[in-house]
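Join the two chains, each given in its own frame, into one complex according to the hints.
If you read the protein sequences in the order shown, they are chains U and H.
For the first sequence, my numbering begins at 1 and goes up steadily by one.
For the second sequence, my numbering begins at 1001 and goes up steadily by one.
Hint data in this document are derived by calculation from the structure and do not stem from the laboratory.
Every value quoted in this text rests on a predicted model; they were computed, and no experiment measured them.
In the SDA-like style, the derived pairs of lysine to any residue whose C-alpha atoms are separated by at most 25 Å in a straight line are:
id	chain 1	residue 1	chain 2	residue 2
1	H	Lys1055	H	Ile1077
2	U	Lys42	H	Leu1045
3	U	Lys2	H	Asp1038
4	H	Lys1055	H	Glu1069
5	U	Lys2	H	Arg1044
6	U	Lys2	U	Gln38
7	U	Lys97	H	Thr1086
8	U	Lys105	H	Leu1045
9	H	Lys1053	H	Ser1007
10	U	Lys42	H	Asp1059
11	U	Lys42	H	Ser1087
12	H	Lys1057	H	Thr1083
13	H	Lys1003	U	Ser49
14	H	Lys1003	U	Glu45
15	U	Lys67	U	Lys97
16	U	Lys56	U	Leu75
17	U	Lys105	H	Pro1039
18	H	Lys1071	U	Leu46
19	U	Lys97	H	Leu1078
20	U	Lys42	H	Glu1072
21	U	Lys97	H	Ser1049
22	U	Lys2	H	Tyr1050
23	H	Lys1003	U	Gly41
24	H	Lys1013	H	Leu1045
25	U	Lys97	U	Asp55
26	U	Lys67	U	Gly54
27	U	Lys109	U	Leu11
28	H	Lys1055	U	Gln31
29	U	Lys2	H	Gly1063
30	U	Lys42	U	Leu75
31	U	Lys105	H	Ser1087
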Amino acid sequence: QKEVEQNSGPLSVPEGAIASLNCTYSDRGSQSFFWYRQYSGKSPELIMSIYSNGDKEDGRFTAQLNKASQYVSLLIRDSQPSDSATYLCAVNWGFNKFYFGSGTKLNVKP
Amino acid sequence: DVKVTQSSRYLVKRTGEKVFLECVQDMDHENMFWYRQDPGLGLRLIYFSYDVKMKEKGDIPEGYSVSREKKERFSLILESASTNQTSMYLCASSLLGLRRAEETQYFGPGTRLLVL
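Next comes chain H alone, as it looks inside the complex (with noise of 0.2 Å):
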């Protein structure tokens, strides 16, 4: 079975805080991506990556970064959070999808952030 695991279920920082969002996986997937999830709003991707140390903006890159050293670890980071960034985290992972079969994206359980 695909597991993907996040650092923390829950998650309270403080406006202006740098937070970290830890991801990884354990099943050799190539690209992984982040997401975050509000109501009404569905998911929406904010970067994804192919490789290591590659990486792609999503719909809402904005005030969030992204690194991947390692195949199996993807982090986001809020470099300054802001309250407008309470929300949902998801982070997924999927093979390289040459072939359709490949395609699907798993998902880790999920952080929740609160920014006061």
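Chain U on its own, in the form it takes in the complex (with noise of 0.2 Å):
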């Protein structure tokens, strides 16, 4: 059974902090892993992707990967209110069949 596991929250941090998201996988052979947001009510978004071990940034976004010890996390700098949603970790376990952990909920404070 493919498995990825993620704190569901909510996970409150004051605007302008650093939010850290964490998802562990169950799979060694998962090669792509994917971080999505999606607000209350809507359909998920793609904000990174990361593929090599070590840290990928974009903007305010840093994803980080450990193949080693099955462990990707999302970092958010300087926080913001619209940040506040809920963040999926997904695994692309080959032929773009991906799995999903449940989300955790992040709530930026103003």
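Structure, rendered in structure tokens:
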């Protein structure tokens, strides 16, 4: 059974702080990892993808991947109230078959 | 921009009814997917299709069937709706994914189905 685990939260951070979201996955053969953001009542939208060990930065977002530990994280710097959403971790096990975590709810307080 | 549309945002059906959910994408994507999303369970794959008339079962196909007669359209069918199929249904599409940059799945707005 392939699993993607996330802490459901809610994770509360003050505006301007760094939010750290974590995800672990069960299959060592996984190659591609994605973070999606989902606002309440809306569909998921892609924030970042990461394929190699290390960090990948895009604006205020940094994705971190550690394949040896089967761990992927998302850091949001200078968090804004508009970042309040549920963040879904997704893992591609091959042939575009994604497995999603249940999501971490982030609340950024003004 | 990729656009994935779903036929209804909200749907109310009665137990035993046959329900059709339709999804259309306008980016010539080979792959299309149907998920359901339930609180605490995340997104679960029901079926996916990698070509016209081709389909593969996902993790929870029981009670559902699909149809892909045209590349741009992927339909999810609930043969006899039951209350435990009340959920948010999300359609997604992606390119074939031979290169990593092509793997990204793009989602439609979702259909919230209530079965009474």
